[in-house]
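Q: In the order they appear, the protein sequences are chains A, B and C.
For the first sequence, position 260 (counting from the first letter as 1) is numbered 260 according to my numbering, and the numbering increases by one without interruption.
For the second sequence, position 84 (counting from the first letter as 1) is numbered 1084 according to my numbering, and the numbering increases by one without interruption.
For the third sequence, position 140 (counting from the first letter as 1) is numbered 2140 according to my numbering, and the numbering increases by one without interruption.
Hints are supplied without guarantee of correctness; some may be wrong.
Stated by the list, open to error - Calculated lysine-lysine pairs in the DSS-like style (CA-CA distance at most 30 Å, straight line):
id: 1; chain 1: B; residue 1: 1010; chain 2: A; residue 2: 105
id: 2; chain 1: C; residue 1: 2054; chain 2: B; residue 2: 1214
id: 3; chain 1: A; residue 1: 105; chain 2: A; residue 2: 180
id: 4; chain 1: A; residue 1: 56; chain 2: B; residue 2: 1010
id: 5; chain 1: A; residue 1: 103; chain 2: B; residue 2: 1010
id: 6; chain 1: A; residue 1: 105; chain 2: B; residue 2: 1012
id: 7; chain 1: B; residue 1: 1012; chain 2: A; residue 2: 22
id: 8; chain 1: C; residue 1: 2012; chain 2: B; residue 2: 1104
id: 9; chain 1: B; residue 1: 1012; chain 2: A; residue 2: 155
id: 10; chain 1: C; residue 1: 2126; chain 2: B; residue 2: 1255
id: 11; chain 1: C; residue 1: 2126; chain 2: B; residue 2: 1065
id: 12; chain 1: B; residue 1: 1012; chain 2: C; residue 2: 2098
id: 13; chain 1: A; residue 1: 103; chain 2: B; residue 2: 1214
id: 14; chain 1: C; residue 1: 2098; chain 2: A; residue 2: 56
Read the hints as simulated data drawn from the structure, not as lab findings.
All values reported here derive from a predicted model rather than from experimental measurement.
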Amino acid sequence: MSDTLVEFRQVVKRFDDFVAVKSLNLSIAEGEFVALMGPSGCGKTTTLRMLAGLEKPTSGEIILNGRVMNDVSASERDTPMVWQSLALFPFLNARENVEFGLKMKGVDAPERRKRAIHWLERLDMGEFIERPVNQLSGGQRQRVALARSLVIEPKILLLDEPLSALDAHLVIRMQGVLSKLQKELGITFVYVTHSQSEAFAMADRVVIMGNGDVAQVGTSREIYRSPANKFVAQFVGRNNILGGSVSSIDGDLALFDTECGQFALRIPEGKTFQLGQLINISIAADRLRLQQHSDSAPKNKPMDTGTNQVDCTLISEEFVGAVVTLFFETKDGTELMVQVQERELDQLKVSQDTLYTLSWAADSAHLLSD
Amino acid sequence: MSQTDTAIRKSKSSQRLYALTWRLPIIVWQVLFFVGPLLFLIAMSFFLVKNYRMHEAFEMVNWQKMFSRDYFRDSYFFTLGLAIGATVLCSVIAFPAAFALSFKVSANTRRWALFFLIIPFFTSYLVRTFSWYVILAESGVVNSLLQFIGLGPFTMLNTVFGTMVGYLTLTLPLVIVLQTFSMSQIDKSYIEAAYNLGCGRIRTITSVIIPLAKTGLVIGAVFCFILAFGDFVSPYYLGGSKPPTLSILIIDTTKSGQQWPRAAVVAIVMMLTLFTVAFASIAYAYRKRQR
Amino acid sequence: MNSERISSWILKGYLVLIFLFVFAPIIASVVFSFNSQRFPTIPLGSFSLEWYEKIFNDADIWTAARTSVIVAICTSILSTCIGFATAYTDYRYQFRFKGVFLALALLPPTVPLIILALAMLAWFSKIGISGQISSIIFAHTVLCTPFAMAIIRLRLSQMDENLEAAAWNLGASQWATMRTVIIPFTRPAIIASLCLTAAVSFDEFAVAWFVSGLNKTIPVVILEIVQGNIDPQVNAIGTLVFVISMTLVIIAQVLIMTSQKRDSIN
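Construct the complete structure from the given sequences, taking the supplied hints into account.
A: What follows is the structure, given as structure tokens:
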């Protein structure tokens, strides 16, 4: 993209016995919207706090704008943060909250006021300038928190799960506000979240973290379609993960044995398999095709047809909007899920006592690295 | 390089200065005016008094004198008995009130009741005791009222009863507040579960509520003991100082005769007793809870 | 179910009795202070301001009142400052021997006043600061600081844990954060602490009696009057003392309660 703004070089953070971040290497470009995503305790918030100077790395270097920041105190960094709890000053009104950073920089009162009002108005808070913050709604307080951070005109904005306390409909709205703002301002956003819908919707690049390590870095699409490993595939969800050992190889197809049957996989370019090698694959839930089992159909040979099939029964359904996730179980107890559009469901007439056949193409399965 | 080094050193020392600013005042103050006096009290118990003047020395004479006096031993057990009596009485009287405040009234009523119980704890105990003196006197309010229904007069001043009324004035509000704090935090579902399992009302109190509120009950009792054991106003004005309690003994020994070292012996014996009781009770309260 | 109702009413009645017992001496003292009888009993005598006139014309009481007010004001300021510093240290820092540090701060209320009184009297004589108004202030500050600390610590625990970091994050130094965030946030507790510690100091008699020398405070005067004889003056002084200390305690409690409520909307 453009110049590097932030760089983590082998950054380690230890709290007593607990390793929160293990040797993190990551660079973030100017004007980039990066999301750090992972389950709680994965080290994403610690990473953000180290960038803000609120935690000191145990080892390694954090470079911001070409300067090693390890010993620079939080108050000298210009890395404003939007907090999960918002951390607005409850004894100040909206404008005074926004003015806070300018006041600390020694900007004089009239100028402070002008700039604070400008930012509040820009974020549609013009009516609430003198309102005490405890009389504002959740979404309004969110905007005050944003204005408070942006008024000091930083090159980078840190956001720590800023939308997690909001109602679902407000989350979508604020996502729009944030994306638009980031594009207009052209500054770097580093956004910590555990929600993939937030991360995938807004970020240019998503960093998935687990147990203090980076599990994968990529665009939303890359992570969704080609998860690097089992952890990412599971965390992103809606992925069926199958493990087995390679039993035969024919051209660019490999056959591998799992507990629920033999399946074919197209060998990715540049990979070579040995017989007996253990592999894991993932198949996105929307890549599985569902049909009723028919005894008359000929037995499928994956290596010939390039299509895999497995018989199973329905165990439960989950509706999210127009998408339905169906959960199936094979004879040996392996669970598989299939995503279909709600309107397709009527044609299928699914019921719990019918036997179904799931099928997928050998090249829609994706090889995981572990 | 060296420039950043000094900048870092400066910021580190400013961090340290900031931390010390908040940490030091209490240390300095308490060493000068709390730990200092208490250590000096211990030292003083070995000093000598000659011609009404204290001489710094290291002699066991004060300890030997005090421990060989019957009145000291009598006074010790009398004070201990009074304090234990007050603790039991106060805990027992406070319990139903705290129970009612925890389970029988609304949260709002409870808040206001605690509000009003905290007020007397911080308002002149001395004047309140004097007020009891007038109320309980031979021809005071209580006896006049009793006369209407043909009873009395009863002698209530200069008795253990009088002392107890005074102790309760001092301790009851605090003990009710502490008991209510611990009892109102009990999850109501435990109590419902106990009823549900056919536990009677009294059994629910003895086998569910009291064990769960134990820490608060014990801490309340410990504070009651400390206050009663150290108080001199009630046993003096309402109890008639017959025999004197340890605190009255300290006052008498200090104020008349300038025998500060002997008063120090009494004070140290009191402190040792209090610490033993407090540590034992609190250890007991927490040990049982962890099981 | 019916027995449940009955027991509930019995307990509520019991609660009323307890409150009567707790407030009886306060109410009696106020009533007696306006009563003409030298030895008040039932039926009451006539309404009279005699005892108030007597104390208002008593120069010793005015002097004692002045001493009490000076001591209470100085003590409340000192103990609130020290209590604030200690509460903030406990809130913000982890360090070795923190247990000892906290014990040092919180132990004074567990030592009987009469023992502290004797120890302080002896120690103050030893280091040559006994018998002055300042000796009462030093002693009372020891007694009051734990209360100040408790009130302010409670307030700090209600603070968003990121509030301080949010100020640093916006460029405020530690000192600026203290001035612009911590102190404004804890202000209700600071005022409550000033009131409560003033009340404690204003009512304390044992230590003041021992260390004050000739500078008697109001409670010491009461103590000495009471030692002599029954004198209804005490009720009049007592009523004034009640009014002052109850006002202070009520202000303190209201401040603590309302600041808690206001944040809970947040």
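Q: Which numbered hints turn out to be false for this structure?
A: 2 and 13
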